[in-house]
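Using the sequences and the accompanying hints, generate a full structural model.
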Amino acid sequence: MKSSILIIYTGGTIGMKTDPETGTLVPFDFSAIYQEFPSLKRLNVAIEVHTLTPVIDSSNVQPQNWITLAELIRSKYGHYDGFVVLHGTDTMSYTASALSFMFENLAKPIVFTGSQIPIGVLRTDGRENLITAIEIAGAKDEYGHPLVPEVSLYFQNHLFRANRTTKRSAEALSAFYSYNYPPLADVGVNIAYNRTLIHQPDHWMEPLRVSNNFSDKVCVVKLFPGLNEQILSSILSIEGLQAVVLETYGAGNAPTADWFIRPLEEAIARGLIVLNITQCKGGGVAMELYETGLRLQQIGVTSGYDMTIEAAVTKLMYLLGSKADASEVKQALEVSLRGELSH
-7 MKSSILIIYT GGTIGMKTDP ETGTLVPFDF SAIYQEFPSL KRLNVAIEVH
43 TLTPVIDSSN VQPQNWITLA ELIRSKYGHY DGFVVLHGTD TMSYTASALS
93 FMFENLAKPI VFTGSQIPIG VLRTDGRENL ITAIEIAGAK DEYGHPLVPE
143 VSLYFQNHLF RANRTTKRSA EALSAFYSYN YPPLADVGVN IAYNRTLIHQ
193 PDHWMEPLRV SNNFSDKVCV VKLFPGLNEQ ILSSILSIEG LQAVVLETYG
243 AGNAPTADWF IRPLEEAIAR GLIVLNITQC KGGGVAMELY ETGLRLQQIG
293 VTSGYDMTIE AAVTKLMYLL GSKADASEVK QALEVSLRGE LSH
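Mapping of the sequence shown onto the numbering used here: position 158 corresponds to residue 150, and the numbering continues sequentially without gaps.
Among these hints, one or two may not hold up.
[Said to hold, decoys possible] Mimicking EDC-like on lysine to aspartate or glutamate, the simulated pairs with C-alpha atoms at most 20 Å apart in a straight line are: (1) LYS159 / ASP49; (2) LYS(-6) / GLU127; (3) LYS209 / GLU239; (4) LYS(-6) / ASP73; (5) LYS322 / GLU257; (6) LYS159 / GLU239; (7) LYS9 / ASP49; (8) LYS33 / ASP21; (9) LYS214 / GLU258; (10) LYS(-6) / GLU134; (11) LYS33 / GLU127; (12) LYS9 / GLU28; (13) LYS273 / GLU239; (14) LYS68 / GLU96; (15) LYS209 / GLU320; (16) LYS9 / ASP21; (17) LYS132 / ASP194; (18) LYS132 / GLU198; (19) LYS132 / ASP178; (20) LYS209 / GLU258; (21) LYS159 / ASP82; (22) LYS322 / ASP208; (23) LYS315 / GLU96; (24) LYS9 / GLU163; (25) LYS214 / ASP250; (26) LYS315 / GLU326; (27) LYS214 / GLU239; (28) LYS273 / GLU163; (29) LYS273 / ASP82; (30) LYS132 / GLU40; (31) LYS132 / ASP73; (32) LYS322 / GLU280; (33) LYS214 / GLU257; (34) LYS(-6) / GLU40; (35) LYS322 / GLU96; (36) LYS322 / GLU239; (37) LYS209 / GLU257; (38) LYS322 / GLU258; (39) LYS209 / GLU231.
Rather than coming from a laboratory, the hints here were simulated on the basis of the structure.
So this is what it looks like as structure tokens:
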């Protein structure tokens, strides 16, 4: 029996095609996908397409767009075996990470993909990304269950857990990478699924539960030599601010000077949540290793371990929107909810 796949086009480079008359890039009509890619007929899938109106450049994405997308998938969840979301690359990891938290009991594949080169350009990477993402979304095991029942991101021969990804290049076709978790699948002549790494749901047939409350009272502070007390204190004093993601050095290190520690300590005492993640692409925070990280731990800074910036921001937004108590948020930040951290 064929798997049924819904392709959701949200916008982005993958959906552009050159107009033969004007030479300009215009939106691609994904409803004509079989005419454009007749090889798709050889896949054992039935494809339907939904284009969001209006489509959006991913640089303009906001939490409301995540909610719209999640609600669309919820409304279609019972009608399809899997979903492929076409999204602009700039914020794809943010959107994919956000949805991984919003879907609280997901049991079907949601595969994000896109391209660096428009799909209408001869040497586009979008064609292979799209076809393989569809194949992955429709793949089933010997029991008829989806092979990848989680939110994932496929790009240039690798399938990653979505909330482990970050965009690493504006030019390379291998635009995304997961530095702290191995690929869920490697694609060559065949698709080699790393099945022991893929999340399996507790129940396969439950109605999808979606949490669509997000708090946008979050900001990111990236440490750099030259950051001063005035700037830091101003940020920490923003009215209504609920949480700060602190991008520190190395294994979670930061200045030990009073001008830095005191404003943080006062802000935490007022109820502000401060989440520590490293600026490094690989590795994670271990505040107990050095004095420069231990001081943060002592004043109540929460460890983000090896989360990406995209996962840290969206997880905070999700938790702040769904939990009223700051202590519950802090506790949940240090627990792996959707495989977003190694702890």
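Against the structure, the hints:
no.: 1; hint: LYS159 / ASP49; result: 16 Å, holds
no.: 2; hint: LYS(-6) / GLU127; result: 11 Å, holds
no.: 3; hint: LYS209 / GLU239; result: 17 Å, holds
no.: 4; hint: LYS(-6) / ASP73; result: 9 Å, holds
no.: 5; hint: LYS322 / GLU257; result: 16 Å, holds
no.: 6; hint: LYS159 / GLU239; result: 17 Å, holds
no.: 7; hint: LYS9 / ASP49; result: 15 Å, holds
no.: 8; hint: LYS33 / ASP21; result: 17 Å, holds
no.: 9; hint: LYS214 / GLU258; result: 19 Å, holds
no.: 10; hint: LYS(-6) / GLU134; result: 14 Å, holds
no.: 11; hint: LYS33 / GLU127; result: 11 Å, holds
no.: 12; hint: LYS9 / GLU28; result: 11 Å, holds
no.: 13; hint: LYS273 / GLU239; result: 11 Å, holds
no.: 14; hint: LYS68 / GLU96; result: 16 Å, holds
no.: 15; hint: LYS209 / GLU320; result: 17 Å, holds
no.: 16; hint: LYS9 / ASP21; result: 9 Å, holds
no.: 17; hint: LYS132 / ASP194; result: 17 Å, holds
no.: 18; hint: LYS132 / GLU198; result: 18 Å, holds
no.: 19; hint: LYS132 / ASP178; result: 16 Å, holds
no.: 20; hint: LYS209 / GLU258; result: 18 Å, holds
no.: 21; hint: LYS159 / ASP82; result: 7 Å, holds
no.: 22; hint: LYS322 / ASP208; result: 17 Å, holds
no.: 23; hint: LYS315 / GLU96; result: 14 Å, holds
no.: 24; hint: LYS9 / GLU163; result: 19 Å, holds
no.: 25; hint: LYS214 / ASP250; result: 18 Å, holds
no.: 26; hint: LYS315 / GLU326; result: 15 Å, holds
no.: 27; hint: LYS214 / GLU239; result: 5 Å, holds
no.: 28; hint: LYS273 / GLU163; result: 18 Å, holds
no.: 29; hint: LYS273 / ASP82; result: 17 Å, holds
no.: 30; hint: LYS132 / GLU40; result: 19 Å, holds
no.: 31; hint: LYS132 / ASP73; result: 9 Å, holds
no.: 32; hint: LYS322 / GLU280; result: 18 Å, holds
no.: 33; hint: LYS214 / GLU257; result: 17 Å, holds
no.: 34; hint: LYS(-6) / GLU40; result: 13 Å, holds
no.: 35; hint: LYS322 / GLU96; result: 19 Å, holds
no.: 36; hint: LYS322 / GLU239; result: 17 Å, holds
no.: 37; hint: LYS209 / GLU257; result: 19 Å, holds
no.: 38; hint: LYS322 / GLU258; result: 17 Å, holds
no.: 39; hint: LYS209 / GLU231; result: 9 Å, holds
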